[in-house]
Amino acid sequence: MAVASRPSPIAWLLAPALLLFVLFFVLPFGVMAMMSFYSGNPVTNPNAFLTTRHYERFIFDTAGIFHDALWSTLRIGLITTVVSLLIGYPLAHWMARMQSRLGHALVLMAVIAPMLTGIVVRTFAWMTILQDKGVINTLLIDWGIVSKPLPLMYNEFGTVVALVHIYVPFMVLTLTGVIGRIDERLEQAARSLGAGRLRAFVEVTLPLSLPGILAGSLLVFALSISAYVTPSLMGGTDVLTLPMLIAQQVGTSFNPNFAGALGVVLLLVSLAIVVAYNRILARLSGEQGLA
Amino acid sequence: MISRRTLLGTSAVAAATLAAPSILHAQAKTLKITTWGGKWGEIMKATVLPAFEKEFKCTVSADQAFPYVPKLQASPKNDPLYDVLHTNSNEQWNCFTEGLVMQKITAKEAPNVADVYPWAVSDKIVGVAIFTSAIGLGFRTDKGLAKPTSWKDLADPKLAGARGSYIIPVNSLGQCHLMMLGKIYGKGLQDLDAAYKALEQLKPIKLVDFTGQMEKMLLSGEVSMGVIHDSGVYRYDGQNQPVDFASPSEGVMALEQVLNVTPGSKVKELAFGYIDYMLRPDTQKLLAEGVWYSPANKKVKLDAKYDAKLLTTEAKVATLIQPDWKWYNARKEDIDARVTKILKG
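From first to last, the protein sequence lines are chains A and B. Under numbering that gives the first Met the number 0, read the first sequence as residues 0 to 290, first letter to last. Under numbering that gives the first Met the number 0, read the second sequence as residues 0 to 344, first letter to last.
Simulated from the structure, these hints should not be mistaken for lab results. Predicted model, so just to flag it, every value in this text is computed and none were measured. Fair warning: there could be bad hints in the mix.
What the hints assert, rightly or not - Now the in silico label distances, taken between C-beta atoms and shown as ranges:
#	chain 1	residue 1	chain 2	residue 2	range
1	B	A45	A	G143	28 to 34 angstroms
2	B	G211	A	V145	28 to 34 angstroms
3	B	G36	A	R52	47 to 53 angstroms
4	B	R330	A	V134	39 to 45 angstroms
5	B	Q200	A	A109	54 to 60 angstroms
Don't be surprised by glycine CBs; every beta carbon is placed ideally from N, CA and C.
With the sequences and hints as input, model every part of the structure.
If you want it as structure tokens, here you go:
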């Protein structure tokens, strides 16, 4: 008689996480996706009917703003990710190789410190620094270096600066763990075989840290493309992203169905980019399925 | 062990309660409302709502987490999330179109409605307005600017990059400003082509998404002149800030605070009672002087300082221009797209 297989205890430990995932991601996303195919709220409006008009509205974009908003969202996400990686990687490498425990703890605290204040507060802090009457422009004008304020805010530049500040810790913390697990002796072996410091890094450390680069980049990219507060406050009239449009549709146009369609579009496009990025990095590192 | 006396006493109370369900019902009544935060919310929570709860023997559940309309939309019409919806007029019109609120609150439901200025119950209002602010121009007094007398003063080339307004798709003050541009430069509030052309001429302009941010921009000198409601400037009265408010000669736009009842409310009488309470002269005076809003009730006598600046006479009230939000909301999506393209870049 066959014995029924029982789920392992580990599977039971995963249950709370799975439940949370279903309750707070799968279910809301399912409702949002369903709403995006209705003309109204089918729960409160018996006349609501199935339709694809919200997707048609996005695809044909007669208003001429939706495709721009999507491209703007992805561009800001990509730039923020690349800049965060360029800033975060050297810092993470330095932290991972630091011998002093005290030094490591101090740097770690410095990296984490920005995360202890809210995003709104941090964004307002950047506004006081970058606005026309802000710290930088006031100093530059007072010192006679420029005659009129530099356009540091109310544009993509200011938005990316604030987003990078907010999301660099995520990149650093992800990379530090991965780089810390790379055996330093591999790099030393490469150098003892004649490779210079740069070559040893490029051919040994960098490929081995690709999983960290992938994880950190995906995290920062996902957070950047879904950012709402920072682009709203820092972008002025120059920046319009999909999360801003979604908030407009829900909060002021009271059209949750079209907002749902925009949410689905953003998720699908992001997933496509993530899959492509994963494949490219896997090919570069000679492995398959890094993520 | 329960004594005979305790048992009899408890039984008597239980019997009385069961025999008078209305008492039990009255004690359990909860009125669900929306209300603003900030200074308004402080006065409401500290004074107005406790007094209302005491007088009407109920509890009030006040939601201050804006936006309210999407939450109301998501709740069943026969068991709405709110009994009384407090928003600006544009949102009330959205709700009315969707059948989420009543069309009018009359003196029959709330007797104090009989004493309000005509603007509070005009054909531009659904529900009843309890206060209004005047949307005009805020300006810095330390930049050598003459006090603006016309909406056209905002287009002064000297103010390039130092003038401010709102992100039109998300802020009703920005929407009012757009309509006002149609009136000033075109044939009227609904002349959108003239408004778009005038908006283009206002570039470069700093746009924000809420009035609190405009207050900060004015106070920090980031903008020298901007569209704002009088309350947003007068609230700094006595704080020695170099800002003032100007009512342009063409008129000021109304930013009404509107109350309305949801048709599916289970405590409609209490909801009407709340609206009536908010229109009482003493409640109106307390809130008007607390946040510098012009009261809707004609019988309110404000202290001289407030009376001098707020819209408290028939003559001053005549300068108010009320937008047709039904008209605006019907074409909001097109307007949003157009102004976004105009202002981008």
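| query | What are the numbers of the hints that this structure violates, sorted from low to high? | reply | 1, 3, 5
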